[in-house]
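Chemist: Residue-level listing of the chains:
Protein chains: 4
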Amino acid sequence: MNEYIKSLKNQGKLNISIDKEKTFNWKYTKIAGPCSVEGPEIIDIAKKIKSLGANAFRAGAYKPCTYPVLKETNGWKEGLREEGLDLLRRVKEETNIPIVTEVMDPRMISKVGEVADVFQIGTRNFQNYTLLDELGKTNKPILLKRGTWATIDEILGACERILVGGNDNIAICLRGVVGMPNYRHVFPTIRWAPDLMMIPALKELTNIPIIYDPSHSTGYRNFVKPISNAALAAGADGLIIECHPNPDESISDPAQAIDYSTLNNIFNG
Amino acid sequence: MNEYIKSLKNQGKLNISIDKEKTFNWKYTKIAGPCSVEGPEIIDIAKKIKSLGANAFRAGAYKPCTYPVLKETNGWKEGLREEGLDLLRRVKEETNIPIVTEVMDPRMISKVGEVADVFQIGTRNFQNYTLLDELGKTNKPILLKRGTWATIDEILGACERILVGGNDNIAICLRGVVGMPNYRHVFPTIRWAPDLMMIPALKELTNIPIIYDPSHSTGYRNFVKPISNAALAAGADGLIIECHPNPDESISDPAQAIDYSTLNNIFNG
Amino acid sequence: MNEYIKSLKNQGKLNISIDKEKTFNWKYTKIAGPCSVEGPEIIDIAKKIKSLGANAFRAGAYKPCTYPVLKETNGWKEGLREEGLDLLRRVKEETNIPIVTEVMDPRMISKVGEVADVFQIGTRNFQNYTLLDELGKTNKPILLKRGTWATIDEILGACERILVGGNDNIAICLRGVVGMPNYRHVFPTIRWAPDLMMIPALKELTNIPIIYDPSHSTGYRNFVKPISNAALAAGADGLIIECHPNPDESISDPAQAIDYSTLNNIFNG
Amino acid sequence: MNEYIKSLKNQGKLNISIDKEKTFNWKYTKIAGPCSVEGPEIIDIAKKIKSLGANAFRAGAYKPCTYPVLKETNGWKEGLREEGLDLLRRVKEETNIPIVTEVMDPRMISKVGEVADVFQIGTRNFQNYTLLDELGKTNKPILLKRGTWATIDEILGACERILVGGNDNIAICLRGVVGMPNYRHVFPTIRWAPDLMMIPALKELTNIPIIYDPSHSTGYRNFVKPISNAALAAGADGLIIECHPNPDESISDPAQAIDYSTLNNIFNG
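Residue numbers (the working numbering), protein chains in the order written: chain A, 1 to 269; chain B, 1 to 269; chain C, 1 to 269; chain D, 1 to 269.
Honestly, the hints are just simulated from the structure, not real lab data. The reader is advised that the hints may include incorrect statements.
It does not matter which identical chain is meant; a pair holds if it fits inside one copy or across any two.
To be verified - Below, computed lysine-lysine pairings styled on DSS-like, alpha-carbon distance capped at 27 Å:
(1) Lys111 with Lys137
(2) Lys71 with Lys140
(3) Lys48 with Lys77
(4) Lys92 with Lys48
(5) Lys6 with Lys47
Small disclaimer: the values here were computed from a predicted structure and weren't measured.
Construct the entire structure; sequences and hints are all you get.
Modeler: Here is the structure:
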């Protein structure tokens, strides 16, 4: 153990061993679904995705975009929002699949919590500390997405912030980061790069489960399968994948969404 | 104008020209102060810093850290919080210097707004969209700190989010980013790197004022003066600098805080 | 195919399909050995490593370091140099294992070529064009290490430079790159990060074999096995791994060298 | 002085103080010229650039490109090569301005040295150690361009490698690096980013002169002036700038070349 780690432990840090028996069954680790809820067809999508082996379903009722969306289209404006939550509630009723969906603000915890089985903290809110603090006071499972900038310290610190609130029912969702020599021109949709080394790095320091997101790691659907395989080979506990019946027509992030056949190939291939 | 910019403009984006006549007097651009309010001596510190030429005063009543601070020391636990706000109120009463301080949560806007002349959005909350939305509904000046990961799109998008709420009284605070070939071992306190090219890049697209933060760009006090000079030479409208009467004793970020003499040298040298 | 790729192809670029039948048998893809030849014990090391399943042996007779080594120790000064080549010749005589070793200068090609079955181009010489040009005129297999900075364009360009010389007997060795949010303090020996997405990215554009180097990707021996597994899962054709009988006593790069038992575990586990 | 620096100094490293009295007059610090020699008009270009205040002239006779250039056009194929050297000789005869030009291979030192007053080591050859070794044995001034990946250790190590050969007549040319959150789409020609913090960082450890290259830092001509100003403000000793009579028609790197008027503005504005 190096001096830095020792000094953190002496300060009472990094004792982030969780009791896996008591947590969400992270054997539920094949999470899939579209980027956001786009309409009532979400129910059929969920049925299909469950049939392909997913044991949890992801879809954003709230879907933050880089630029604010100024005009609502068929009810969608950075998500269907409340209508999206209603549709996710119906998904749950009809399929009984656990729902993973984003909560963006402490004031939304109660409402989103009526539908979500797992609260997703989005990458932009990775260090939204008042949100982390409030989620630490709940007892619902948390999927904490890594910020695209996060050092290993910052990941451990964000986890600890939730844990000290009393909720140790968490998993870390690793995803692409900024900074690497780029792929521009050749693969223009790539905005981030996977950082798969973070998997063994975290495994050396904590037993918090790690779910890998190949979609937001690659930005390009052809790479989703090889990076999924790589993440599991490196020790990830599970995957969360964006899948859409017609990927190119996905309202958000179409370039990275995969179709049912590719999902089937990843989950069962 | 390239195709991408054109397409954004056609979508009604990037029309982010503000009316500088109506905004906070960003000629108030020599902002300085300690990282956080540490106690009642903040009043004398503010007097001194004002005497050195600062025309706004910065100090966090709320000071988020990488790891949660588990134990309060003399009232300080990631800031003095409410007590810190009270002290900033006294600073304002006694010195009449405008106060720049961080607001971390929509629920704190009203309370922090009683003291702050400028709301600072911290780097971790750069894409905390519900916070940006709520601040867009106020009419108080906003200093939006760049996230350490932010691309130019993300900076423009975050600004637009505040502007569409109705508040165009904003300035962008540029600071260090992650990702560059590193300085580790040789300069071990460096965690980020300045990205001064963002100054002319933003100037080409928007007239939003740019305040440069050399302290959180360098992480090392010896580099604060040359990077301050460089930022102004590249076109920045102003500076925000961490200054402490005894830099090495600063509770947070001691390695980057400068002393009064260096501040004097930067502001008047 | 995107516009950029199309335009490259129209210029006669990116037609970098090689005839695998005619190339070095890159089924020889379990390459292992110490960072550099340190002395006559290299022969026993090679025998042991061959017995663990390696089908090629790596060791530098010439071993460039970040700072020049000013004093020779037991003949070693950035490698044993000519003496190192002599020892590698004995390794080949006694074990019959193919030798992969670095050539740093066009003027050394002939001498190194007497021993090397595969010329390794080191990361620092990834864009040493006169070296690439000269190696393109040989017909010996080339293992081209990625520069720590290389974009996908630069990798393809460096390959093409060798190919146009007439030698299409090449493989790309991917290794760690600079730029990602860092692991400093927590894992202080890490200097680079793996970029495993480059594997499927290159596979989409070329059939040149890809050998992955987990040692120079991680800088820390505990991560060598998970990253080896990940690279193969992502589609790499083979591995090149630093292995030393007493890793901590390795003259160069001790933190990333693995022992025999770990190598056995990776090759046969 | 930190532990790492101390240990380097104890090993005899980092004593890289040069005798400025004995070196090339790096007051010759306004270097400008086109990316490469394109034809006989280079003589008029040099006259004009000298008249604008440049005290050294840059132009590549050898101009390495990312992809090999397969077809010669009017004699140009990654430079005019020998013909380019002849033209630079004429530039010198007619203008008496010192010539800065790249040498790519130890075998070219003698030939290039007949024309060059300063040997430029290109960014791709920043760690081409046999080239550095040979140049260390000459007594001609060296302009060492930073590799786009180089950490501060690597810069110091590369300098030391030349110095230990006996030649302390060197300057470091800083230029853009890979890795930062990117500018893609919005400013598509940007391939690197300036790292101006390296200026004060090197100044703290060595007195080797620093020449800043804003052209290869920004990749976009509009940013050349603000980054030039910033580099000088941060402490750079001089500038090296790409300037072309008709920038958009420059054979290589047109997007970053500036015209005479902008150069005049930077040198005399």
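Chemist: Taking each numbered hint in turn, which are not upheld by the structure, reported in ascending numerical order?
Modeler: When the structure is compared with the hints, only number 5 turns out to be violated.
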